[in-house]
Amino acid sequence: MPSLAMPLILVFLACFSLQTLADCPNQWQKYSDSCYNFIMNSLKSIDMAKEECSKYGATLVSVNSQGENNFLTSYFGQNKLTGFTWYTSGEYIGNNNFRWLGDGQDINSQTMFWANDARRNGTGRFIIYVYHDGKYSWIRDDGQTQRSSICEIPEKESYRIYNPHRSFDFGQHLNDMNNIQRGPKAKREPMNVLAIMSPPSAYMEFTAFGNPPPVYSWYRGNTAVSSTLGSRYTLTNGRLTISDLKAGVDDTNYRCMASNDYGKIMSRTVQFTLGFLGEFLNTPREGNVANSYEGTYLQCKPPNHKPALRYQWSFNENVNFVRPDKNPYLFISRNGNLYFSEVTQSDAGSYFCMVALTIPENYKPFKDTPGSLRTSMAIQLNINNKGARSIKPQMQADFPAIFPDQALEGGPIQIECFAYGTYTLDYSWFRVGSEMPKYVKYEDHKRVLIFPKASVSDSGTYICTVTNAYGSDTATVHLDVKVRPHFKTEMKDQLLDIGSQLTWQCEAHAKPAAVYSWYKNGEQMKSVSGRVIVHNNIMTILKISKEDDGMYQCEAKNDYGSALSAGQLRVLELKPEFWSNPLQPSTLAAEQGNVTLPCKPEAAPYPTIEWFKNGMSLGLTPGSPSNRYTLYHNGDLLITDIMSSDGGTYKCEATNRLGTASTETLLSVKRSTVISIKPRNTKVIFNETAVLKCRASYPKELDAVYTWSFNGYDIQVKAGDHYGRGEGDDKGDLYIKNAGFRHAGHYLCQVKTIIGTTSAGAYLTVIGPPGRPQGLAAQKVLNQKESLQLAWFDGRDNDAPITYYIIEFQTNFTSIWELFGPAIPRHLVEVNTESGQLRTTIHGLIPAVSYRFRMGAINKYGTGEKSLSSSWIKIDPDAPRKAPEEVGGGGGKVSTLVITWKPLLHQDHNGKNFGYRVFWRKKRDAFKPEHIWSLTNVSGSISKLVIQIEPQNYYTQYEVQVQARNNIGMGPNSTIVTIYSAEDLPAITVTNVKGYAYNATAIKVTWTPVKEDRKTLKGKLRGYKIKYWKSDLNELRSIEAIHYGQAEEALLIGLLPNTYYNFRMMVFNSAGFGPISDEYFAKTYHKPPHDYPTEVQILPLSSDSCIVAFRGVSTQSDEEPLQGYLVKYWLVNDDIRQALQIDLGREVQGEIRNLRKGVVYNLRVIGYSRGGEGAKSSPVTQFTITKGGQVQGDMFNPLTTHALLAGSSRTTFTLTICCLSLLLSQLYTLFLI
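Mapping of the sequence shown onto full-length UniProt numbering: position 1220 corresponds to residue 1220, and the numbering continues sequentially without gaps.
Don't read these hints as lab results, they were simulated from the structure.
Among the hints, erroneous ones may be present.
With a cut-off of at most 30 Å between alpha-carbon atoms, the simulated DSS-like pairs for lysine-lysine come out as follows [unchecked claim]:
(1) K613 with K557
(2) K326 with K1015
(3) K994 with K922
(4) K994 with K866
(5) K446 with K326
(6) K326 with K994
(7) K600 with K30
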């Protein structure tokens, strides 16, 4: 079976109603209707503890009452187990809820036994018992620590502790296990499908095994899909192929059913998606204006698309790709936006966002051509020159950001961090409360933290810190890794008696917790009173009948996916027989020793067992010793204190309502140590557990030592090893856990006592995935340059026929092994009947590339070990198969045409003497002779060509394309791209230039915008340059201000008050600057107010309004006359740049309306004149409007902007004085009037 990626424990519980077997066995404790096994010394993680319980048909304990808790804690106390911690089946399922997965019951708040609330609210998923503060109670745990465990099983189901699990050969006389009839089981689930650019067809495939072979049917919703629905649909075995794909019809959910005579199973639901990529809007994009040396970003705003996109940006019209790897201040986020940590004048220009479809994980793509690329309209970035500044890092509001939005276990997850700031920004990452996972990676100047294969344990809070020479900033993000439901092991098939009870439990690892559904033969099950109980992850059939035969599936589902597990229920009616497990013809026993005679009939219903000696019934009752005889519940007979008179013929007779059968052995009593139960030749499935029995008979007063050897080498049992030993009466047994093929061979049990040594051996055969294919070789196929024939011999099939082969390859350009196409069905492989050699032909290989291959075989147990690699073989060279991508260019020096492209990878050269053919022509009438293609050949893996053109062809559109070539021939042409040749120097002068005082430190310059004409600009207008200097200085000491893009005015800042400045202008393009204008001059205003308003007071007006009053200012002779006052107010945690403002004119009080209640505001008052804004009132005045409409200016929480107090004596006193002052001033005004 295919292995599943995520952890799950699935345990089977079968309940048998036969009262004779419903007792708690030795070492199990009884309470109420259940049996408990306290496994204290075999410490395991929780997954391994669940597996250990499942061997008995049990689960980890579920504690559903105060009485049950008292029973467990009393056992701990009586046996002085305070130093032990114990796993239970309790698990956190989200939203502060817990569930016992052992029985599917939600944990009631009345039956919770937590150590304290802090322990309940911890971070672990699982509930464990610990000794805490003098009592036994619960805490939460991550399940990774090795701990003791408690298994629980209903008493009436305890027979499964005695009896081995039935397999499909139960009661059948089969020499070839491959002839066993069984229902279908999933082998390979279908994948989601993504069809791009309308391929001719696409397919989904579900593969299952069974005997007889399954028949498949596909469904779209509830509608069966096959050729009867239309010629577009073709069903071949489990593959559904759809041709001529239709949107709105084919793009939906599908599910496949596989059925045979024994039942039906369904595949997981898959999504069939028709991918599309719309066009960007063809309306002009809104640009962005930023100040120099500050950060900014440009939004992509991609077109409609499905499913997901990858992004790239280019600069200006010249297909000049943005390279964050070369320019650390640039960052392209997975959200599609382009971010700048700081901008300078060189960043001004036109930007283009380019998008293409990308293939999500867990999708199988079908595409007819490479995915189309869409390019946005130009997005203009203009820069205001504010002069060089030093700015400490400030985290951009979009970050940190987690991608993808669904952070799932097993998939790659990345966290992006980005900040604005000048100069070099250093990024570092920390994890709160834990170390950073060792396998994380950092990319893009450490701005991206990558988890290549995330797990739930990676969940937590991460801190990104950004530092430069002027400070730092930090931001936190919480990563919560979710989990699609996954099964670790499949449900076990069950062969049960009519009338017995069946309980199936499935447990999926999922986050959030899975919701479970049960299905029989593809139909969802519901509870039926008195017959079937379906509850969460538990399904119980109270009394099995023949109509319950079939295939059952448990589906675990959450918001992120679903998983299915299947098991077959076969209801048996068999008369007893001993064909598979007869007694040995003779058995040896030692005087004064013990011997156990096994009785293992195959029967359904379970038979009654009676033992005879020399034809006389021994009259034994199961579980009740009689004389020196004990009949166990499982039918075995124990004879103790053996005497010579115990020798004779012993017969086990098994009887049920369908008949009777017997088996017998001759017991011989010896005066030495003998092996009474010898190991038998055994088969075990790969990765499962085999048990080799060995039990000796010897005088009871002696001690016996059991040792085992494998192929002549002693076996040393170590903790965590593949080998284990039995306990108690089974101490001679050897367990081979997670058996591999290397464990197959001869095992010898040796028993030593002081009176002798004896031994017995058996062979272990491991069945499972096939062995590695042998002698893999590749050879060329005549007249098929891109094909090879692979030949090999099968390895061992390991007791199951090979059904598929997979091929992996390496090239001389790659070091990793990659899968070559889908698995190849065995029946499509050519077989040489004489030599047994197998052959298949593979296609689509790359010319001039060397390959080597390895192969794996698949049977119903899974994929076997890969073969040794074949020898290297080189594909014959051929003309290039790929066209160059990202063809563009433009720019460069005057009288040149620059053409660029992305060079092909070396492996795509396909031959020697590799190079490119570069074509270009003017973009006019392509049918005119003078506009035929020009061509230049270039050699080597280069990516740029500069062509000299006539001077008059400056800034001219050219069509260009590039073609790869080698010594064999030419490859396909790239798409035709339009670029511009290099620009020439502008020939136009700026006119109508004027200057005006703007304030005390700035002059506003205006001009008539130049006409954007190729003849005069000789290119694209990039902007204007203004040279300015103090009138009493020489022009050589001028300062330059650059304004990018088209404009009609600019502001010269940072000037001196009351000073004359001269200035001149010129335009520029990418080639350089045009002629300079005439010289002009202007004078700045006098200074703004030097003094600031004082005695600022805030007075109540209404429930959302207040009055601000203050003492005004006077101006001096070197200052411009006062024009008025501005009141600026803003939330306490905002910046003053976000302030709202009110112009009061020359008034010294005014109203502020529409204020929010309960938040704190900052407020400053400023006098202004033609010289600009003066000094701000100081310190900042802070106030709030209470819910009662009162104004307060006292205590508040600066982190939330919420007021803390409804009032204080100081505030009341201040407001009272303010009100009196205002009242007196108003009375004085009235008196004057």
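The hints, checked one at a time:
| no. | hint | result |
| --- | --- | --- |
| 1 | K613 with K557 | violated, 58 Å |
| 2 | K326 with K1015 | violated, 36 Å |
| 3 | K994 with K922 | violated, 41 Å |
| 4 | K994 with K866 | violated, 82 Å |
| 5 | K446 with K326 | holds, 14 Å |
| 6 | K326 with K994 | violated, 42 Å |
| 7 | K600 with K30 | holds, 27 Å |
Of the numbered hints stated above, those contradicted by the structure are hints 1, 2, 3, 4, 6, listed in ascending order.
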